[in-house]
Amino acid sequence: MDIKVLFPTLVAVSQADAATMAAIEAEVLAQEGRIKSLLKPAWGDQVWSSFEAEQHLFVAAGLHRLREFVETGILEFVARTRESAGPMAFVGEYSQSWINVTARHGYQERHNHEREAVGLPISGAFYFRTSGRDGDLSIMPVDMQTRLFDPEVIAPAVGRLVLFRSEVFHRVGANLTDSDRVSFSFNYLLRPAQ
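Residue numbers (my numbering): 510 to 703.
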């Protein structure tokens, strides 16, 4: 996992290995009909998402390997970026998971997630299908740092997982290719174990 410091924002980028990607692909393809039935027009033109129809897609579509890969990445991200030493037990759960299919000219404006969550909310994207040229993810520096620092721009790649704190603003550039970009997004909430 590569952890980028976008002061004061931390961004993690991880890549699924071939075996993990094959397992995720098999699960997604087995549920393709169910997933497609959930797609509705969403954010911006030319974007379809399951967000309105099913906000817990990983569970509803039985995407266990994808869910496990993302959760493992989140826990590694948190463990590697914590300031305090020593073990700390967390309780974590997905608050939402959904798919986005972005066609030519589709994009997503600057936004953030889970602003009122109690705990440590982590959001991110997993790229399932992409040409690598169909819209970069830009993660904005927090608050006043936007005038001092440029956004972190991350190109999509098949099997790439990108993680960041949910309150951080981000946007997705326009897909200027003729192929659809397919990504899974999620919000995950961590709380200290009692």
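If you are wondering where the hints come from, they were derived from the structure by calculation, not from laboratory data.
Everything numeric in this text was worked out from a predicted model, so none of it was measured.
Don't take each hint at face value.
Stated by the list, open to error - Below are the SDA-like pairs computed for lysine to any residue, each with C-alpha atoms no more than 25 Å apart in a straight line:
#1 K545 to A535
#2 K549 to E536
#3 K549 to E618
#4 K549 to V627
#5 K545 to M510
What the hints assert, rightly or not - Pairwise CB distance ranges (calculated):
#6 G542 to A598: 21 to 29 Å
#7 R613 to Q703: 43 to 51 Å
#8 A588 to R619: 27 to 35 Å
#9 D554 to T529: 17 to 25 Å
Even glycine gets a Cβ: it sits at the ideal position worked out from N, Cα and C.
Against the structure, the hints:
1. K545 to A535: 15 Å, holds
2. K549 to E536: Holds - the C-alpha atoms of E536 and K549 are around 21 Å apart, at most 25 Å.
3. K549 to E618: Given that 25 Å is the threshold and the Cα spacing comes to 18 Å, the pair holds.
4. K549 to V627: At roughly 30 Å apart (the allowed maximum being 25 Å), V627 and K549 break the hint.
5. K545 to M510: At roughly 31 Å apart (the allowed maximum being 25 Å), M510 and K545 break the hint.
6. G542 to A598: 21 to 29 Å: The hinted range 21 to 29 Å is violated for G542 and A598, with Cβ atoms some 39 Å apart.
7. R613 to Q703: 43 to 51 Å: 49 Å, holds
8. A588 to R619: 27 to 35 Å: Holds: the Cβ-Cβ distance is about 29 Å, inside 27 to 35 Å.
9. D554 to T529: 17 to 25 Å: Since the Cβ atoms of D554 and T529 sit about 33 Å apart, the hinted range of 17 to 25 Å is violated.
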